[in-house]
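4 protein chains.
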Amino acid sequence: MKILVWNEFAHEKTDERVRAIYPDGIHATIAAFLREEGHEVLTATLDDEGCGLSEALLDTVDVLIWWGHIRHGDVPDAVAELVQKKVLEGMGFIALHSAHHSKPFKRLMGTSCNLSWREDGDYELVWTANPSHPIAAGIDRYFKLAHEEVYGEPFDIPEADETVFLSSYEGGEVFRAGCCFYRGCGRIFYFQPGHETYPTYLQPEVQRVIKNAVLWAKPTYRAPLACPHVKKISP
Amino acid sequence: MKILVWNEFAHEKTDERVRAIYPDGIHATIAAFLREEGHEVLTATLDDEGCGLSEALLDTVDVLIWWGHIRHGDVPDAVAELVQKKVLEGMGFIALHSAHHSKPFKRLMGTSCNLSWREDGDYELVWTANPSHPIAAGIDRYFKLAHEEVYGEPFDIPEADETVFLSSYEGGEVFRAGCCFYRGCGRIFYFQPGHETYPTYLQPEVQRVIKNAVLWAKPTYRAPLACPHVKKISP
Amino acid sequence: MKILVWNEFAHEKTDERVRAIYPDGIHATIAAFLREEGHEVLTATLDDEGCGLSEALLDTVDVLIWWGHIRHGDVPDAVAELVQKKVLEGMGFIALHSAHHSKPFKRLMGTSCNLSWREDGDYELVWTANPSHPIAAGIDRYFKLAHEEVYGEPFDIPEADETVFLSSYEGGEVFRAGCCFYRGCGRIFYFQPGHETYPTYLQPEVQRVIKNAVLWAKPTYRAPLACPHVKKISP
Amino acid sequence: MKILVWNEFAHEKTDERVRAIYPDGIHATIAAFLREEGHEVLTATLDDEGCGLSEALLDTVDVLIWWGHIRHGDVPDAVAELVQKKVLEGMGFIALHSAHHSKPFKRLMGTSCNLSWREDGDYELVWTANPSHPIAAGIDRYFKLAHEEVYGEPFDIPEADETVFLSSYEGGEVFRAGCCFYRGCGRIFYFQPGHETYPTYLQPEVQRVIKNAVLWAKPTYRAPLACPHVKKISP
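Chains as they are written, first to last, in our numbering: chain A, 11 to 245; chain B, 11 to 245; chain C, 11 to 245; chain D, 11 to 245.
With the rest of the complex left out, here is chain A (with noise of 0.2 angstroms):
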């Protein structure tokens, strides 16, 4: 399974905090958890040329993984478009945190992703509301992050096809943290959990959802776009 981490890798180049936590990029930390179960990753940034992403790549990957937050602007539109159009045809797309205001995902929705936040060193518990749900396995009825930012609801996506995770924060806030979305003939996943200044990809848990995720995510079948005229049959 050929898994790409791509990471927008601006806050690790300007904040010590976030440098401290993810000296190589958060993309680097996810792709080494990954790697552990025996899948081939690669990881892409948005300096690398075409922001690390061409077709001809994209066509061989199984699940995209994509972490943005201040630099969603600089992604250009092609090349959101670009992901989209490989979603739809077949290829996994896991939204982490702040990705839910990143062009592709945002695409993919249809709608403005907004949601409420506030950043204020809260604990969250993310809740698990589908244990049977594969991105679930091996999750406890709740597992604790020590401090995350706060996302809190109205959220505006579609109604989830499933929705896997809850969140509750130290403020009381609520948040549907894990949802999963059937598109064309891909499979997406929104995780909440994953504010750079937190050692949030460092935590068993999240790995593990994550790891799931990639599973779950996998496509089981990949088509090209096609609107195809058809001719008259004679049943």
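Read the hints as simulated data drawn from the structure, not as lab findings. Possibly wrong hints are sitting among the right ones.
Since copy identity is lost for identical chains, a pair holds within one copy or between any two.
[As the list claims (entries may be wrong)] Result set (DSS-like, lysine-lysine): computed pairs, CA atoms no more than 27 angstroms apart in a straight line:
1. K23 - K242
2. K12 - K228
3. K228 - K95
4. K241 - K154
5. K154 - K221
6. K242 - K154
7. K221 - K242
8. K221 - K241
9. K95 - K221
10. K95 - K12
11. K242 - K228
12. K154 - K95
Just so you know, these numbers come straight off a predicted model, no measurement behind them.
Once you've looked at the hints, dock chains B, C and D against the given chain A.
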């Protein structure tokens, strides 16, 4: 518009704390604030003959509201089946709090409707997940209940057609507190607040949600169940 | 209630067959039967300045109806983005026939909206899958269109929130011909009939469906898109 | 993987036409082609003791396939309740053809599962609405059944979680012929073809769909139903 408020009417007869809050029963309190809206509101209870529910009566009812808890088992299967049938034929149905385990609601969901629960006097925060939904009209970003029974995920229901409210509790649990379902010709709304030992139904926001839900659940179409043997058409 | 009927208004200017059916344009025909319902109905076309669509205008429109086909590409992205934004803010949107490939509809769905198609003059049978849905009010078990363009599955849309109509054609194809979607604060209805070379919009059942859809899509709530930085509450 | 094929086994005993097609019963034919896949396949029928279904047995079964028609009423409620419970606990369930009215399927749906029907020897065209779905693997754009009983909309089911197949018939009717539902920990697939007087289950495409469905419905998680009284956590 004609509304029927059904209550098992058990706790109010045996528990002084409950009687102090709902001297005439939870049904009487709910009926009273719905009458303020100009609706015709009837009430029925478990100990009425035939549970106070007949097909002739329900055929005239737009929306049935259900509250039950310790006496679910005393509701005859035939009565539960009748309610299910009338909902599928178009009657609106609102299941309150512990009615998640009522026979009619379980029959309509097809699932166990199990959840996690505890009773420690936590406060509850009810968050609006879908502010554009008619049931959320006039409800702010969230409202607080000083004390409520805690209902926690996982909540074994079919994925809701519309998720209107999500709750969190003092202890950190989360719950899909306001969920809409479309079944047959009927509309169903489940709403979590309403433990008998707290004055939940006296709170304006809770009354507003129920007033909104009744309007949302009003039938747009009613039809008897049928599985017709049809004739071949000649297009 | 204020309705805006938008039409690319291209075929009517170049194709005698189309002009014979819709001498003043498809938009004029649709506007006329909606005015019979007492609605205020405006029209706009692609060649109007700014496509006849401004944010100030759309803020006053309850429901926007869209018909386009060969000139989808001439609709500026900024106009498509504006329509998407206004729908997410609450404006109703009805996409007719070949508008399945219009920029606003595709943006709202997030999918390719591709389908299979052919044009052989087949009859179409539109079947009511959900007779209790307000959009099916007054529509019988099925109705027939003497001639329509064939649209066939697979139709690359997100799973519909509500499936109201399913169609079959003389050649045996099937299609989800009437689908409802909830996005942001807005309601979206797609309806398949309406190929320009046939008098589809003159047919009473088609007019009834569109009249019903306009009432269904009327906003219950409008709010500007926002992603607020919130303050920690003190429950 | 362990599969149990259940059949009321009535028509085959009384109708020469049916016995000619399924000399050992529909269950035997289905079991035979599933064994070709290397699965362990058991069968049970209505006249077996306890309908051939016990909790101990079902706890070892991955997927239960159900065929019934004229003897639905002879299935004890306790057996239907057991099947429902085991599905909610994770066992896969595939309801074939007239099993739309079987007690277990109706209990799981919560609706009447009524539909329109006629039997005139029409051909049926089964169209793939979702080619990316695992259950559609290896199935072309459509396949034809020379003769089938006609099932027509409206089909009174909850909106499907995934619509895989849509059928049309010689007479023009349409039907949601292949629908997936997620309930509790279980996966449910309904598939329309399979009238007893036609050799439907001998047709390769039908066998392929059922073979695919069994793999799709295989449990990923099994857990006993529970409604736990939990302790307050100390986050």
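Hint check:
no.: 1; hint: K23 - K242; result: neither (59 angstroms within a copy, 30 angstroms between copies)
no.: 2; hint: K12 - K228; result: both (9 angstroms within a copy, 25 angstroms between copies)
no.: 3; hint: K228 - K95; result: within (16 angstroms within a copy, 30 angstroms between copies)
no.: 4; hint: K241 - K154; result: between (57 angstroms within a copy, 16 angstroms between copies)
no.: 5; hint: K154 - K221; result: within (18 angstroms within a copy, 37 angstroms between copies)
no.: 6; hint: K242 - K154; result: between (58 angstroms within a copy, 15 angstroms between copies)
no.: 7; hint: K221 - K242; result: neither (46 angstroms within a copy, 30 angstroms between copies)
no.: 8; hint: K221 - K241; result: neither (44 angstroms within a copy, 30 angstroms between copies)
no.: 9; hint: K95 - K221; result: within (24 angstroms within a copy, 30 angstroms between copies)
no.: 10; hint: K95 - K12; result: within (18 angstroms within a copy, 36 angstroms between copies)
no.: 11; hint: K242 - K228; result: neither (35 angstroms within a copy, 38 angstroms between copies)
no.: 12; hint: K154 - K95; result: neither (36 angstroms within a copy, 32 angstroms between copies)
In this structure, the hints that do not hold are numbers 1, 7, 8, 11, 12, in rising order.
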